[in-house]
Structure formats: C-alpha cells, structure tokens
Amino acid sequence: IAGITQAPTSQILAAGRRMTLRCTQDMRHNAMYWYRQDLGLGLRLIHYSNTAGTTGKGEVPDGYSVSRANTDDFPLTLASAVPSQTSVYFCASSDLLAPSYNEQFFGPGTRLTVL
Amino acid sequence: QKEVEQNSGPLSVPEGAIASLNCTYSDRVSQSFFWYRQYSGKSPELIMSIYSNGDKEDGRFTAQLNKASQYVSLLIRDSQPSDSATYLCAVNYGGSNYKLTFGKGTLLTVNP
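Residue numbers (the working numbering), protein chains in the order written: chain A, 411 to 525; chain C, 2 to 113.
None of these hints come from the bench; they were simulated from the model.
The C-beta atom is built at its ideal place from N, Cα and C for all residues, glycine as well.
Among these hints, one or two may not hold up.
List time: in silico PhoX-like cross-link candidates among lysine-lysine, alpha-carbon distance up to 25 Å [to be verified]:
hint: 1; chain 1: C; residue 1: K100; chain 2: A; residue 2: K467
hint: 2; chain 1: C; residue 1: K3; chain 2: C; residue 2: K68
hint: 3; chain 1: C; residue 1: K3; chain 2: C; residue 2: K105
hint: 4; chain 1: C; residue 1: K3; chain 2: A; residue 2: K467
hint: 5; chain 1: C; residue 1: K105; chain 2: C; residue 2: K68
hint: 6; chain 1: C; residue 1: K57; chain 2: C; residue 2: K100
hint: 7; chain 1: C; residue 1: K105; chain 2: A; residue 2: K467
hint: 8; chain 1: C; residue 1: K100; chain 2: C; residue 2: K43
hint: 9; chain 1: C; residue 1: K57; chain 2: C; residue 2: K68
Okay, the calculated beta carbon distance ranges per label pair [as the list claims (entries may be wrong)]:
hint: 10; chain 1: A; residue 1: I422; chain 2: C; residue 2: I19; range: 37 to 45 Å
hint: 11; chain 1: C; residue 1: R29; chain 2: A; residue 2: G466; range: 19 to 27 Å
hint: 12; chain 1: A; residue 1: R521; chain 2: C; residue 2: G60; range: 26 to 34 Å
hint: 13; chain 1: C; residue 1: A69; chain 2: A; residue 2: P493; range: 41 to 49 Å
hint: 14; chain 1: A; residue 1: D483; chain 2: C; residue 2: R29; range: 34 to 42 Å
hint: 15; chain 1: C; residue 1: D59; chain 2: A; residue 2: D448; range: 28 to 36 Å
hint: 16; chain 1: C; residue 1: G42; chain 2: A; residue 2: S477; range: 23 to 31 Å
hint: 17; chain 1: C; residue 1: S83; chain 2: A; residue 2: L451; range: 25 to 33 Å
hint: 18; chain 1: C; residue 1: N8; chain 2: A; residue 2: G463; range: 35 to 43 Å
hint: 19; chain 1: A; residue 1: R521; chain 2: C; residue 2: E6; range: 44 to 52 Å
Every beta carbon over 10 Å from chain C, so not counted as near; a handful from chain A, in silico [what the hints assert, rightly or not]:
hint: 20; residue: L423
hint: 21; residue: L451
hint: 22; residue: N460
hint: 23; residue: P471
hint: 24; residue: E513
Could you build all of it, start to finish, from the sequences and the hints given here?
The structure is reproduced here in structure tokens:
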C-alpha cells in the first residue's frame, strides 16, 4: 500500500453503539489528524497527534477519543454514538520534519451514519 | 477565532477560460497556505502550497499570496471540465501549531 487507508468505507450504526474508525499510513509521517466534514460546515479537526504517544484536541473533540500507539495507526473511537456524529470522517497525515511540514495528505474517508 | 473565508460559489466558467478562486484569512501571523481540490464523494487532494508573498506556478495552476491584504488566490488557466470540483483553502497559523484551518470551499463548474 502507499498512502493512507481508512476502514470501513462506510458504516450504519445504531445510536449508543461503540465504533472505532481505523486509519493506517505507510509514509512514516509523524503527525496524524482526524477531521469530520459536514455540509455547510466544512472540514473540522477532531483530534490530532504530532508524534506517536501524544495526542491533542482539535476544534470538535467531544464524544471522540483517539490513541497513537505507533507511527502508522491512529484509530478514532466513538464511545457511544449519537445521530449528530453522522458525517464523513477523514484521516490525514503530515511529515513535521520535512520543509513542507504543514502539507497534509488525506485518506479516502469513512461515511458514518448514526441512526 | 481564526477564520478562513471563501466564496461558496458556485463559480461557473466556460472551458478554456481562467477560473479565479479567492480566500481571505483573519490572522496576520499565518505562515503557510494551501489549496486542495475535492471531487464529489472523494477526499481532499493537495494541489498547491505557498509560503511567501507573490506568485507560485505549477502547470495550469497559479497560487497568489498577499500577506499584507491577508488573501490567497488560485488561478486555473485553460479550465477543463475535469477541473470541476470544490476547492478548499487551508491556512496554518504558525508557531508550534501545526494544525490547518480550512475554508468551507468554493464549488467550481467548468462548462464544455
């Protein structure tokens, strides 16, 4: 593989269920990000990680958690899904050690519907 | 609140014309600026980055940055129907903050 993969591609979930969205990159980028994209609201940052072992909150972190056990994987967990979490979720990564350190590259996305 | 503003469009241009997309941002300390293209149902794709005042050209794309006026633009020359997409402007506000703030995007339609 080359780049970022996300799984699942799409999911329909009952409210109250727990769900983990997976993200894996093979570019050895140190930074990873989770965004949600909603019509009329654009891309909003949920959580980020600048390096393995550290995470931080973005603009809309409530209801979501992340972990960064290694460089390649950055899962996003919804502990108890609610309908307002219906969205398209994108994972992204960047190489903070490169001159172009702010260039972020996106995965294909996960379309999540919470009923 | 640091903001990135774009005209939502839709911007409609005929094939072969120049498409001009604009973006303004709220914080003068911003350091780096990006344009992403997003086709319907797909993920954002980085097409241009610009870090200093002036123009940066890459093929049919030219990014223009004016930090004094706090705007960045993207020109697409010889527009093609395949350029029809939403274009997202993103800004990094610098310092130890590596995060990007995205505009809501401008929908471009290139008519054959």
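Status of the hints after comparison with the structure:
no.: 1; hint: C:K100 to A:K467; in the structure: 11 Å, holds
no.: 2; hint: C:K3 to C:K68; in the structure: 15 Å, holds
no.: 3; hint: C:K3 to C:K105; in the structure: 13 Å, holds
no.: 4; hint: C:K3 to A:K467; in the structure: 16 Å, holds
no.: 5; hint: C:K105 to C:K68; in the structure: 20 Å, holds
no.: 6; hint: C:K57 to C:K100; in the structure: 22 Å, holds
no.: 7; hint: C:K105 to A:K467; in the structure: 21 Å, holds
no.: 8; hint: C:K100 to C:K43; in the structure: 22 Å, holds
no.: 9; hint: C:K57 to C:K68; in the structure: 14 Å, holds
no.: 10; hint: A:I422 to C:I19: 37 to 45 Å; in the structure: 43 Å, holds
no.: 11; hint: C:R29 to A:G466: 19 to 27 Å; in the structure: 24 Å, holds
no.: 12; hint: A:R521 to C:G60: 26 to 34 Å; in the structure: 31 Å, holds
no.: 13; hint: C:A69 to A:P493: 41 to 49 Å; in the structure: 45 Å, holds
no.: 14; hint: A:D483 to C:R29: 34 to 42 Å; in the structure: 37 Å, holds
no.: 15; hint: C:D59 to A:D448: 28 to 36 Å; in the structure: 30 Å, holds
no.: 16; hint: C:G42 to A:S477: 23 to 31 Å; in the structure: 29 Å, holds
no.: 17; hint: C:S83 to A:L451: 25 to 33 Å; in the structure: 27 Å, holds
no.: 18; hint: C:N8 to A:G463: 35 to 43 Å; in the structure: 41 Å, holds
no.: 19; hint: A:R521 to C:E6: 44 to 52 Å; in the structure: 27 Å, violated
no.: 20; hint: L423; in the structure: 20 Å, holds
no.: 21; hint: L451; in the structure: 7 Å, violated
no.: 22; hint: N460; in the structure: 6 Å, violated
no.: 23; hint: P471; in the structure: 13 Å, holds
no.: 24; hint: E513; in the structure: 6 Å, violated
The structure fails hints 19, 21, 22 and 24 (numbered hints given earlier, in ascending order).
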